[in-house]
Amino acid sequence: MLGSLDHDLVLNYAQPGESAMGERIIVHGHVLDEEARPVPNALVEVWQANAGGRYRHKKDGYLAPLDPNFGGCGRVITDENGYYAFRTVRPGPYPWPNGVNDWRPSHIHFSLFGSGFAQRLITQMYFEGDPHIPLCPIVNTINDPAAIEMLVAKLDMKHTVPMDARAYRFDIVLRGRRSTLFENRMEGN
Amino acid sequence: MTKLEYLKESPSQTAGPYVHIGCTPNFIGNTGVFTEDLGARMVNAHTKGQRIKVSGHVFDGTGTPLKDAMLEIWQADSEGLFNSPSETRGKADPDFTGWGRQPANLETGEFCFETVKPGPVPFPDGRMQAPHINFWIVARGINIGLNTRMYFPEEEAANEADPVLGRIEHRVRVPTLISKRDGDTYTFDIHIQGENETVFFDI
Ligand SMILES: [Fe+2]
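First to last, the sequence lines map onto chains S and Y.
As numbered in the working numbering, the first sequence has no gaps in its residue numbers, which increase by one up to the final residue, 189.
As numbered in the working numbering, the second sequence has no gaps in its residue numbers, which increase by one up to the final residue, 392.
Chain S extracted, bound-state conformation (with noise of 0.2 Å):
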């Protein structure tokens, strides 16, 4: 179902011979239930900006140019421990109409799909270190520091790969699997 570049958003969207503009990035982890157990073959799907901050997106009107070589969509699925990596350009910061003057942190648009929709989830990635991350409204709509601190990638030097991209590690935790409306929470199963 895949192809053998989805995962890989430095490639995906290049000419042949070229590559995507930016930081080289290796984003990776684990993509776990509440009771800590792996979620293997969950889907995860990727989108972002381009390293200046902008999409390709014929709605984004954001002064930084497109890079011809960027594209900012990816996908991997989970394999049977629950990992998945990629390989993409640390997205820019943009700024965006809400405030006069409001910039969001550098992130990573994440949706992910377990198994069926009670572990169906969208959120977004950003980085370790980022001074936006504080100022950001929507970030801010989590009013839990734990909870935001769980969406912040942490640089992982281990799995930086020599002279070619640094690694990021961004573990997630979707809720147990229920399978049915309800079931969990008033049938009791």
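Hints listed in this document are in silico derivations from the structure and should not be mistaken for laboratory results.
No experiment lies behind these values; they were computed from the predicted model shown.
Don't be surprised by glycine CBs; every beta carbon is placed ideally from N, CA and C.
Treat the hints with care, since some could be wrong.
Stated by the list, open to error - Output of the computed footprint for chain Y on chain S, the stretches with three or more beta carbons under 8 Å from beta carbons of chain Y:
#1 6-14
#2 52-66
#3 69-81
#4 85-91
#5 116-128
#6 144-155
#7 169-176
The hints should help you fit chain Y with the ligand onto chain S, whose structure is shown.
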């Protein structure tokens, strides 16, 4: 005393206005990466059952259609079987995916699924549920994916006996889950907020 340790679910964040880049790139003309947008086709020439169209709009609290919504549906086949490894009651129609994904039209906000009418599915306690389609909706300005269900207006008796509809406390809101029929086209409008707010479920 030992504290039971469970992990917390990662918090949800809005899908934002550019969800198409990742989930339906071909729809916005970002072609050449994925051969086909996932969930774009649910049926083929061999799919069994009554072909139907399900369309509608997602409205905000002011009654304005959301033009950047993305919707997914999950349903049983025409015999009431799910195309899922956890289906134990039989084998679902191999020519029906059971799962669809459609973005709202960028200009009008209308969404449309081409699917089949699902058969009835038993509830975990054995009672039959009326035929229904599960919906999951994201859009800019909503922080979480919203879950709801669409039912069929011609299934009056089954709807009356449906265990999920039966649990909705505010009876006047039950009709927000019943679609409107015009031949083989069903209209299901979803209201995120406001007077006609659709019933959403915590699943
Ligand atoms: Fe974004």
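Outcome of the hint check:
1. 6-14: That given contact holds, which follows from 3 residues of the region 6-14 of chain S lying within Cβ reach (below 8 Å) of chain Y.
2. 52-66: holds (count 6)
3. 69-81: This one holds; 5 residues, not fewer than the three required, reach chain Y with a Cβ under 8 Å.
4. 85-91: violated (count 0)
5. 116-128: Contact hint for the region 116-128 of chain S vs chain Y: holds, 8 residues under 8 Å.
6. 144-155: Answer holds; 6 residues pass the 8 Å Cβ test.
7. 169-176: Coverage by chain Y holds for the region 169-176 of chain S (4 residues, Cβ < 8 Å).
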